[in-house]
Amino acid sequence: MSVKLSTRQVGDVTVMDVAGRITLGEGSSTLRDALRGLVGKNQKKILLNLGEVSYIDSSGIGELVSGFTTVTNSGGNLKLLNLNKRVKDLLQITKLYTVFDVHEDEAGAIRSFV
Amino acid sequence: MRENARHGPETVERFLDSTLESVDNAEELAVGVAKRAGFEEEDLMRIAMAVRESMVNAVVHGNRYNANKKVRLAVVNNLERFTVRIADEGEGFEYQEVPDPLAPENLMRTSGRGLFLIRSFMDEFRIRRIEPGGTEVTLVKYVVSK
Numbered sequence: 161m162s163v164k165l166s167t168r169q170v171g172d173v174t175v176m177d178v179a180g181r182i183t184l185g186e187g188s189s190t191l192r193d194a195l196r197g198l199v200g201k202n203q204k205k206i207l208l209n210l211g212e213v214s215y216i217d218s219s220g221i222g223e224l225v226s227g228f229t230t231v232t233n234s235g236g237n238l239k240l241l242n243l244n245k246r247v248k249d250l251l252q253i254t255k256l257y258t259v260f261d262v263h264e265d266e267a268g269a270i271r272s273f274v
Numbered sequence: 003m004r005e006n007a008r009h010g011p012e013t014v015e016r017f018l019d020s021t022l023e024s025v026d027n028a029e030e031l032a033v034g035v036a037k038r039a040g041f042e043e044e045d046l047m048r049i050a051m052a053v054r055e056s057m058v059n060a061v062v063h064g065n066r067y068n069a070n071k072k073v074r075l076a077v078v079n080n081l082e083r084f085t086v087r088i089a090d091e092g093e094g095f096e097y098q099e100v101p102d103p104l105a106p107e108n109l110m111r112t113s114g115r116g117l118f119l120i121r122s123f124m125d126e127f128r129i130r131r132i133e134p135g136g137t138e139v140t141l142v143k144y145v146v147s148k
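Same order as they appear, the protein sequences are chains X and H.
Residues in the first sequence are numbered consecutively from 161, following our numbering.
Residues in the second sequence are numbered consecutively from 3, following our numbering.
FYI, nobody ran anything at the bench for these hints, they're computed from the structure.
There may be inaccurate statements among the hints.
Below, a sample of chain X positions facing chain H; criterion: calculated Cβ distance under 7 Å [as the list claims (entries may be wrong)]:
1. V170
2. G171
3. V173
4. V175
5. G197
6. K201
7. D217
8. I221
9. S226
10. T254
Note that the Cβ used here is the ideal one computed from N, Cα and C, for glycine as well.
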């Protein structure tokens with residue numbers, strides 16, 4: 161299964177639920193386009209729910225970094241929610257875990273946006 | 003912990019097109035051999051990712067999707083070592099010049115983590131230029147029986 165994205169609004173926070181594989185090709189480009197689309201619509205508070213992500217490769221990690229930079233440069237905040245062990249391990253060994261604001265609880269993550 | 007190796011020695015070789023579909027196929031093939039070698043979930047994930055990253059390097063950076071160039075894949079389980087060799091027909095690159103993705107100045111780069119992940123996930127990693135042109139990487143995971 162490639163990546164599947166759906167967005168929902170919780171207050172002024174846009175939650176993007178991501179499922180499937182974020183790998184080179186369709187998966188990473190779909191995520192990139194979706195995040196740029198949100199920034200284009202002036203969404204400033206974006207919570208990326210990665211709970212159903214089954215696989216992420218270095219290209220997918222690159223897209224997370226790219227998305228983070230794009231949203232930050234537009235004056236917004238991108239945060240991560242529900243990392244499974246695989247994704248968490250990858251972010252830790254690449255030293256990116258502390259770069260992202262990572263949450264395990266959606267309500268808490270929503271509240272953390274200023 | 004790994005299970006005892008359930009199968010005998012195994013060697014699989016393929017010549018693959020320079021496509022992303024080949025990346026998926028190589029990963030699936032290597033994981034199949036690794037499963038039969040007795041590796042469990044955590045190591046299977048690491049092997050899968052190392053093979054995927056190596057194949058992406060071969061297809062995208064080595065052969066540059068060139069339909070006239072092939073990627074040679076060999077997967078070997080000799081009951082002691084699980085070895086994957088992936089060779090492209092590209093122009094090659096200077097391994098020593100690949101930036102360290104963990105360096106603070108590189109941390110926010112959107113690419114350049116593939117080789118680091120391969121090294122992190124395998125017990126051995128070697129890279130060499132091959133004649134008349136191309137790069138071959140060798141990935142090794144030790145097969146440990148209980």
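For each hint, the structure was consulted:
1. The criterion of a C-beta within 7 Å of any C-beta in chain H is not met by V170 (chain X), whose closest approach is roughly 28 Å, and the hint is violated.
2. Look at G171 (chain X): its Cβ only gets to about 29 Å from chain H, farther than 7 Å, so that hint breaks.
3. Checking V173 (chain X) against chain H: minimum C-beta separation of about 23 Å lies over 7 Å; hint violated.
4. The beta carbon of V175 (chain X) is not positioned within 7 Å of any beta carbon in chain H (closest approach about 23 Å), and the interface hint is therefore violated.
5. Hint on G197 (chain X) is violated. Least Cβ distance to chain H is approximately 18 Å, over the 7 Å limit.
6. For K201 (chain X), the interface hint is violated, the least distance from its beta-carbon to any beta-carbon of chain H being 22 Å, above 7 Å.
7. Taken as an interface hint, D217 (chain X) checks out: its beta carbon lies about 6 Å from the nearest beta carbon of chain H, inside 7 Å.
8. Because the beta carbon of I221 (chain X) sits about 6 Å from the nearest beta carbon in chain H, less than 7 Å, this interface hint is met.
9. Taking 7 Å as the C-beta contact cut-off toward chain H, the hint placing S226 (chain X) at the interface holds, the least distance being around 5 Å.
10. Hint on T254 (chain X) holds. Least Cβ distance to chain H is approximately 6 Å, under the 7 Å limit.
In summary, the numbered hints that this structure violates are 1, 2, 3, 4, 5, 6.
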